Amino acid sequence: MKRNLFKTLTVMLLGLAPLAALAADANVQANLSPDAISLGQSAVLKLVINGSRSANPALPQVDGLEFENAGQSSQFSWVNGSMSSNVTLIYRVVPTKEGSFTIPPISCQVDGKNLQTQPLTLKVLKDNSAASPAQAGGTGSSAPSSATVPADIEKNKSIFGRITGVPDKMYVGQVVPVTISFYINRNSNLQINQVGMPSIKNDSFASSTLKPNQIRQSEQVVDGVPYIVVSAAVSLTAIKEGQFDLNAQWPLSIYVVESDSGQDGDNNDPFNDPFFRGFFRRRVEKSVTVNSRNHTVGVLALPEEGRPTSFAGAIGRFSAKLSADPLQVHVGDPLTMKLEIQGSGNFDRISAPAFADSKGWKVYPASNHFEPSDSTGIEGAKTFTQALIPQDGQLNSLPALEFSYFDPQAVQYVTLHPELPRVAILPAEQDKSLAQQTPVHPAPENNGPVLAPIRLEEGALRANLLPVTGRAWYWVANSGSLLIGLAGFFLLRRYRKQVLNTDYQQNKRMGRNIVHSLQALDSALANEDSAAFAEAASRALRERLAGLWKVRAESITTADVRARLGANGEPIVALFETADAVTYAGRRFSRDEMFDLRQRITEQLRQLEAKA
Amino acid sequence: MKNLKSKLRQGGLILALLLLASAPLMAGKPGTSDFDAANQAYAAKKYDDAIRIYENLLQDGSLSASVFYNLGNAYYLKGEIGKAVLEYQRALLLEPNAADVAANLAVLRQSRGLPEPVVPVWQKPFVAFGLNTWAWIGFASLLAAMLGVFLRGAWLNFGEHEKCPTRLFHGMVAVSVLVLLLAGGGMMVQTQQLDQQVVMGEGTPLKVSPFADAGDVASLKEGDLVKPLKHYNEFVYVKNPAGQKGWIPLAKLKPVLPAS
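Going line by line, the protein sequences match chains A and B.
Numbering-wise (our numbering), the first sequence opens with residue 1 and increments by one.
Numbering-wise (our numbering), the second sequence opens with residue 1 and increments by one.
Next comes chain A alone, as it looks inside the complex:
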């Protein structure tokens, strides 16, 4: 019982832990799109509060700008046990005069904390130049019209479709990202069953192929109405020039929930609770196609003027980088050249740039690889890999190449000349004789060779052909031999350092004698034998001094001690004289005196050892 309670509490705590983490990691970001508009248009300010599902922002007062609430959306996900949540508050920013405006940091109260955004800048132009066709086609959508909510939000419908990001003008071959979505009013009696694949309805445009995992679902509140929003980002390419109406269609299957009688005591609801009522209502499945509103797009032809000869249809914004491997190559040896084109645009129209002059090089066809960095494939990097072989030792660099594209924002052609890597081209490794064919040998004999007979015994069997040098145990065995040798060298070093060293031997002997003397001292102390004590004490001190002065212990006298140690030797002299008094004058020590002497002798030995 206790164990079950513990388990339940643990599960609850684990469940609450991510919520606590959410509050701890909360942050707020603000972005303004676009950052330059014309007077009469509006920009969209988004406050994204990560790590929380609610926030209370205090919008600043900016002279010349008005902020209008345009709704909010929130997301909540739990992936691999990690929970994340965010809420996006959307405001329309409407300028009342032209100029450059700075929106100061916006304060948000999130879970009791005061968070601030970064300051933002909005440029409001007098005329319509901020929303050129190129800009609209390149990156984003036009600002909503003057209504509080975008015009294509059909509030009177339970379900409706949208397509956003469609520019007013674009160029043939240009690719732009658009978002196709449909909205279902959460308060309606509609529920999503299955979602099909959306499509663009106009043959003058092509769109990228969608995969089911590219479809996103979120919630959004528009003007106080909660919606479930299902959306997909696709790329849109104009195929031919002209003025076209464009819309998107999204086939799907929905449930239409039958309305109840309006009484709380509905017979279908056994719990008699509005929360559970939906589970017990009848639902009817219906297949529908949701259409977005029409958008009119003007598709322009690419300008003829200023078109470079190396232009092959690339439209967008790109950079190019060239690399080669190896950087040193002999004539006749291949090297691999890589051209990486990065940026955003119609990568499918980018082909390998041709060399202006590849004289002296043998050039092989290039292979390519595209690595998208967004779901629509508009942004990314395309790499062309090409093998080249220098044919001439006089070459001093790779053949030059150029890459041209049309920039729809700048409305002009751009030609890039990527910097050539420095490659050293060395003379051929082979000598001239290589060019000669091998001599022709006589034709093989068809039969009749006199061969040694086959073997009739199978012989020693082996598991594989690997020689012993390819086996780990062989090298382990050799390492064992080296370890033996290492031990031998250690022993020889020890012999030279210790056995052959007289100082070392003498010190070693002295150490042994001192230990023996101290043992004799302790033994005499235990037996209260004054004579033995005095002799052992005298011997221990003499041995120590002998080791220090490199003389024989027996030859050391009190005069020597005075001469060598001076005043510092007086305690030792006193000890010698005390010992002599016992040995030669028959004096006897009391037990306390012996303890005292033992202590003094130990102290003197310690001091002498420190001097050594």
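Bear in mind the hints are in silico, worked out from the structure with no lab data behind them.
Fair warning: there could be bad hints in the mix.
In silico lysine to any residue, SDA-like type, Cα no more than 20 Å apart, as pairs [to be verified]:
id, chain 1, residue 1, chain 2, residue 2
1, B, Lys-254, A, Leu-465
2, B, Lys-78, A, Gln-342
3, B, Lys-45, A, Ile-454
Ranges of calculated distance between the beta carbons of each label pair, as one might list FRET restraints [unchecked claim]:
id, chain 1, residue 1, chain 2, residue 2, range
4, A, Gly-480, B, Gln-59, 34 to 40 Å
5, B, Asp-213, A, Ser-373, 54 to 60 Å
6, B, Lys-230, A, Gly-393, 16 to 22 Å
7, A, Gly-480, B, Gly-61, 51 to 57 Å
In silico negatives: residues of chain B with every beta carbon more than 12 Å from chain A [said to hold, decoys possible]:
id, residue
8, Glu-55
9, Leu-58
10, Val-118
11, Val-127
12, Ala-128
13, Met-146
14, Leu-151
15, Pro-165
16, Arg-167
17, Ala-174
18, Leu-178
19, Pro-228
20, Lys-245
Everything numeric in this text was worked out from a predicted model, so none of it was measured.
Yeah, the Cβ is synthetic: ideal placement off N, Cα and C, and Gly gets one too.
Once you have looked at the hints, place chain B on chain A.
For chain B alone, coordinates are given in the frame of chain A:
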């Protein structure tokens, strides 16, 4: 205690006798039935059958110089020269001094106009033994040299150092080091032979660059031995015994020492 020692001695003796008795079995001396069957097929000039059985033996892990040699003979008589050279070379890996293998390989080369590998004079002492033999000589000489050092150190430290036979130990170490150097040279030379590859197609072109449509430098014969120098995609830059270098498709080569 004495009883225990005596029993241990008896047990050791029995184990040693068992090991001795099983040695021929472990070495696989007697011909197996499959090996005999392959030999009979060979004798009946059914080379395809013989090749199939020999190959099965090798796939089952029964690798021996005899199987490689017999298989080489079968391939040669069937006219598959590249494979014959490959199997002879593999037999020589296991038995570097096998006279029958060397003789048949020489016959094959002579009959097909394949050049004999030229051994430089300075390398001749090193090709007297195979890699394994040199490896064991190297190991033994290293062990002897290291034991010499160790025994002298132990004697000087723990024995009567005045009686240490220093000259004997010095001589032992000096001789061992000389043999070790010789073995090192032998191992180096023999190791270089290990990465040889056999050309598998008659008239295989040696190309100037690693591409199918590149120009030819020379033409290699099936059974030619080449040394790989570098790789580029599906091509290998090789050098043949005549010193010619060029690119050859990887698929046209078989290594004497298999990769695994």
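Each hint, compared with the structure:
About 14 Å separates the Cα atoms of B/Lys-254 and A/Leu-465, which keeps this hinted pair within 20 Å; it holds. At roughly 59 Å between alpha-carbon atoms, B/Lys-78 and A/Gln-342 are farther apart than 20 Å, so this suggested pair is violated. Between B/Lys-45 and A/Ile-454, the direct Cα distance comes to roughly 12 Å. Compliance with the 20 Å bound is thereby established for this hinted pair. Judged by the Cβ atoms, the range 34 to 40 Å given for A/Gly-480 and B/Gln-59 holds: they are separated by roughly 35 Å.
As the Cβ distance of B/Asp-213 to A/Ser-373 is approximately 37 Å, the hint placing it in 54 to 60 Å is violated. A hinted range of 16 to 22 Å for the beta carbons of B/Lys-230 and A/Gly-393 is consistent with their spacing of about 20 Å. One distance hint, 51 to 57 Å for the beta-carbon pair A/Gly-480 and B/Gly-61, is violated here, with the actual separation near 29 Å. Every CB of chain A lies more than 12 Å from the CB of B/Glu-55, the least distance being 15 Å, so the non-interface label holds.
For B/Leu-58, the non-interface assignment is contradicted: its Cβ lies about 10 Å from the closest Cβ of chain A, within the 12 Å cut-off. Residue placement check: B/Val-118 keeps its beta carbon more than 12 Å from all beta carbons of chain A (closest about 15 Å). For B/Val-127, the requirement that its beta carbon stay farther than 12 Å from each beta carbon of chain A is met, with the minimum near 15 Å. At the 12 Å boundary, the C-beta of B/Ala-128 stays outside the reach of chain A, the nearest C-beta of that chain being 16 Å off.
Residue placement check: B/Met-146 does not keep its beta carbon more than 12 Å from all beta carbons of chain A (closest about 3 Å). A cut-off of 12 Å between C-beta atoms contradicts the statement that B/Leu-151 is not in contact with chain A; the least separation is 7 Å. Residue-level check passed: B/Pro-165 sits 15 Å from the nearest beta carbon of chain A, beyond 12 Å. With 12 Å as the threshold on Cβ separation, the claim that B/Arg-167 sits away from chain A holds: the shortest Cβ distance comes to roughly 16 Å.
No Cβ of chain A comes within 12 Å of the Cβ of B/Ala-174; the nearest lies about 14 Å off, and the non-interface call holds. The claim that B/Leu-178 is not at the interface with chain A holds, since no C-beta of that chain comes within 12 Å of its own (minimum 16 Å). Every CB of chain A is more than 12 Å from the CB of B/Pro-228 (nearest about 15 Å), matching its label as outside the interface. The claim that B/Lys-245 is not at the interface with chain A is violated, since a C-beta of that chain comes within 12 Å of its own (minimum 5 Å).
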